[in-house]
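Keeping their order, the protein sequence lines are chains A and B.
Here our numbering is used: the first residue of the first sequence is 38, the next is one more, and so on.
Here our numbering is used: the first residue of the second sequence is 110, the next is one more, and so on.
Quick caveat, the hints were computed from the structure, so don't treat them as lab data.
Take these hints with a grain of salt, some might be off.
Only part of the chain A face toward chain B is listed, based on derived beta-carbon distances under 7 Å [as the list claims (entries may be wrong)]: (1) M38; (2) L43; (3) T70; (4) C78; (5) G79; (6) E101; (7) C103; (8) A104.
Only some residues are given here: those of chain B computed to face chain A with a beta carbon under 10 Å [as the list claims (entries may be wrong)]: (9) G120; (10) H131; (11) P132; (12) D134; (13) G149; (14) V162; (15) T163; (16) F193.
Counterexamples of contact, computed for chain B against chain A with all Cβ distances above 10 Å [stated by the list, open to error]: (17) V112; (18) G121; (19) H133; (20) E137; (21) P154; (22) M157; (23) S175; (24) A180; (25) L181.
Think of the CB as a built atom: it goes at the ideal place given N, C-alpha and C, for glycine as much as any other residue.
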Amino acid sequence: MSNEELRALYHETIMRHARNPQHYGHLADANYTRSGKNSSCGDTMEFSFSFREGRVHAAAFESEGCAVSTASASLLTAFIIEKTAVEAALLCRNLLEAGADAEAFMDLHPEFACLLPALKIPTRRTCVHLAWEIVRDALLEQGVSY
Amino acid sequence: MRVFNPDQASGGIVSFVQDGVHPHDTAEFLASHNIAVRAGRHCAPMAMDNAGVTATVRASAYVYTSENDIALLEEKLDECRSFFV
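Let the sequences and hints guide you as you build the complete structure.
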């Protein structure tokens, strides 16, 4: 990995969210929690949600993970708050199904573009995906269908 | 930095974690400086749990590893911490 690739992987947005993740912690009024683990690297993450009237009223996460997984969770959490459950589930599905070929997704959602370099590296893609898989599964568990 | 086998005769293998830096991030940073280490659970999840960590960095030296290589590792680990923390 070249220095340029390192700088792209650890884009300043990634580092800002990794150092100061948004919505970090546990919601006191959560009505649903879901945790997940990246079995290959041991990263763990737990989301707490407050779902109200078909929307993600509030969400927060706690994790023990690398800069990429923490930033990914932070960006995702900030985005889904106040979105409908269906919108949030579709967002997660679309990124997860895109795999490494997420350019079209990023065109639609440029706020996540900083995650693209990690998605291109198979061993780091799982770092990005962990949060998105947990949120998707939480929403499916809530009965969201798409 | 926490070194897991500081006093143990373990050949040239040293397992460690840097405070505030995830092992994968350490490994990625070192790789960008052509230093190859392994990071993760090393197929030993119970050992990780026993040590109270999710993962470690594992550096290994052999007959072809010079003192300069070790010095470079030390230097880049310092830079790594500045980069991430």
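Does the interface hint hold: is H131 (chain B) within less than 10 Å of chain A, judged Cβ to Cβ? holds (4 Å)
Exercise. When the nearest CB of chain B is found for G79 (chain A), is that gap smaller than 7 Å?
Worked result: holds (4 Å)
Q. Does the interface hint hold: is T163 (chain B) within less than 10 Å of chain A, judged Cβ to Cβ?
A. holds (4 Å)
A104 (chain A) was flagged as interface toward chain B. Is the shortest Cβ-Cβ separation under 7 Å? holds (5 Å)
* **When the least beta-carbon distance from G120 (chain B) to chain A is tested against 10 Å, hint result** => Cβ of G120 (chain B) sits 24 Å from chain A, so the hint is violated.
Original post:
Taking the minimum C-beta separation from P154 (chain B) to chain A, is that value above 10 Å?
Top reply: About 7 Å separates P154 (chain B) from the closest Cβ of chain A, which leaves it inside 10 Å; violated.
Hint check: is the beta carbon of M38 (chain A) less than 7 Å from a beta carbon of chain B? Holds, about 5 Å.
Self-check item: Non-interface claim for G121 (chain B), where every Cβ of chain A lies beyond 10 Å
Solution: Holds, since 24 Å exceeds 10 Å.
#### Entry: chain B contact restraint for T70 (chain A) - C-beta distance below 7 Å
violated (20 Å)
- Query: Would the hint on C103 (chain A) stand, with a C-beta cut-off of 7 Å toward chain B?
  - Reply: Holds. Min distance 4 Å.
### Message
Is the claim that A180 (chain B) lies outside the interface with chain A correct, judged by CB distances over 10 Å?
### Response
holds (20 Å)
Quick check on the hint: G149 (chain B) CB to chain A CB, less than 10 Å? holds (5 Å)
Hints 3, 9, 19, 20, 21, 22 from the list above are not met by this structure, while the remaining hints are.
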